[in-house]
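J.: Could you build the full structure based on these sequences and the hints that come with them?
Residue numbers (my numbering), protein chains in the order written: chain A, 1 to 408; chain B, 409 to 623.
Hints in this document: simulated from the structure, not taken from any laboratory. Be aware that one or more of the hints could be misleading.
As the list claims (entries may be wrong) - Each computed DSBU-like pair below joins lysine-lysine, with the alpha-carbon atoms no more than 30 Å apart:
no.	chain 1	residue 1	chain 2	residue 2
1	B	Lys-415	B	Lys-581
2	A	Lys-50	A	Lys-18
3	A	Lys-15	B	Lys-617
4	A	Lys-18	A	Lys-129
5	B	Lys-418	B	Lys-617
6	A	Lys-106	A	Lys-129
7	A	Lys-309	A	Lys-404
8	B	Lys-617	A	Lys-18
9	B	Lys-581	A	Lys-129
10	A	Lys-106	B	Lys-415
11	B	Lys-414	B	Lys-581
12	A	Lys-15	A	Lys-106
Stated by the list, open to error - Just so you have them, the derived chain B footprint on chain A, three or more residues with Cβ under 8 Å:
no.	stretch
13	145–159
14	187–198
What the hints assert, rightly or not - Part of the chain B face toward chain A, derived, beta carbon under 10 Å:
no.	residue
15	Leu-532
16	Gly-535
17	Pro-536
18	Asn-591
19	Asn-592
Note that CB positions come from ideal geometry on N, CA and C, so glycine has one too.
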Amino acid sequence: MALKETLHNLKEKYKGQKMAPAFNAIHTFLYAPNETTHGGTHIKGADDLKRTMNTVIMALVPCLIFGIFNAGYQHNIAIGEGVAAAGDFFSTAFWNWDNLVFGAWKVLPLVAVSYIVGLTVEFIFAVIKGHEVEEGYLVTGMLVPLIVPVDIPLWMLSVAVVFGVVIGKEVFGGTGMNILNPALTIRAFLFFAYPTWMSGDKVWVAGAQERASQIASGLELDSISGETILGTLAQNKTVSYDLWDMFLGFIPGSVGETSTILILIGGLFLVFTKIGSWRIMLSAVIGALVMGMMFNGVVDAGWIDSSSKFYSLMSTPFWVHLIIGGLAFGIVYMATDPVTASQTNRGKWIYGFLIGFISVLIRVFNPAYPEGVFLAILLMNVFAPTIDHYVIQANIKRRMNRLKVKNA
Amino acid sequence: MGLLSKKDSKLIFDPLADNNPITIQVLGICSALAITAQLKPSIVMALSVIFVLGMGNVVISLMRNIIPSKIRIIVQLIVVATLVIIVDLVLKAFAYELSKELSVFIGLIITNCIIMGRFEAFALGNGPWRSFLDGVGNALGYGIILIIVGFFRELLGSGTLFGFKVLGDSVEKTGLYALGYENNGFMVLPPMALIVVGIIIWVQRSRNKELIEEL
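T.: The structure is reproduced here in structure tokens:
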């Protein structure tokens, strides 16, 4: 209680001054303000921006916890520490704490850096512009550590976060005005700026880079190689994980996107709380399946054979695309971002469908970008206003026609 | 200023900042994105445009009373093309490597909208000396932005300036690279040039509020 009063007093003290937004933000971040509105009656919905953001964060928590576990699990498997195989749920070796502790050691700094850097930028901009600090970064800050490889150097993450928040969001006017999803802008920046840290077989398992440099310096060690499934398929190699591993998430990948089942649960939670659009999620899944089926059809028709470099990815059963790579994560948490997605209901169907469709297309045809989801979503972010425009125009036209028929 | 009257010096210095062809008029963006990955080609490009625009403005200005207005665009194009071919041949003769690096973009100076823009807007209505100053001024304004963009893109993208490894050796891991620093590959790609130009525009407008258009 005392803290609340202190914060309130600080806020009152700095009211009207340059630093006011910062103190106001700290106060409202921790507590509900204890002043009421004056004059006139207000009805205020409980689902304000902050609550919306918090709901998404709650939906992300399972992915984060599993991401922490998986980071440690993949590392321990790779270095051959006594860990039971993924299917062996009841073995004590599987549930040892080493996985979580090691994972936390690796992942929590990513979360901390993402939030500290991002919120600092937000605070600076709020003070410069003299408006209240916006809540938009709460979700972005949680998404960012989940969509990067676990070994990404922290300074790279900081640079990318500054870029993503400033160029992706603040220059357009802050939360709610951005064209591109800031978290994906950050990922895209990392991908193009530091490609060696964002793809290949040395970044997805913690410690692989370090191990590689130790070997290079002459130590006699087994190298760690953790190729993602998409990376393996893109090189026409056979995948060593079974479907349950992929569905449950015991595979190498970006921190939070491996476990399809937890993403599914988070997605259902978002749909149930009406925060995420089920239209986008459903249509994106349909889009991915349709594209996958078309590729399967090409293979079945015998138009390409196993000598083609696209064979492995094309012959992957169409529904498997949903459980490998970041497609599920992207569909549930990124494509549904209410700011950058289409606003109209019909637009959401088109928008979602194209995201799924293009993601699988990029996956299969561009071996340089085994994961096309973030590019597909960013592309559709750009087109979302156009889609909305035509949906609205079509609606206006339809209703004008109806009016004409009525009057005639 | 002894050499230049106040009105004349305005011709040179206005385009450097408050009426910059790139950041204010948003002309000549294409080449600004294409050749600024390194500092050297940026500077060569800037010098080439200074030559072409300065000379071109003088030539057009001298001919302004005898060019029939119906075919003036063709005449202007011929003048630019001639000057650009001179630049191209000089580069090929004396700096072959560089001309290969700049490849088609020297030829594309012909299509640089700043040049036709200055011919149309200035040289057709003013005397040769003032046209010369205007041309050089605008080309300098263009060149300055190119050099700023090229500086940041080469420094952050390749860790070098004029090819000198100012940040240390990225392969041998010396200097900054020993600390884990890495070059930003995005800086080398043209989209980043667009963003750098955007940031320059942003900085310029927040320093000089008069430049902000009213909505």
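J.: Broken hints, numbered, in rising order?
T.: Of the numbered hints, 1, 6, 7, 9, 10, 11, 12, 15, 16, 17 do not hold.
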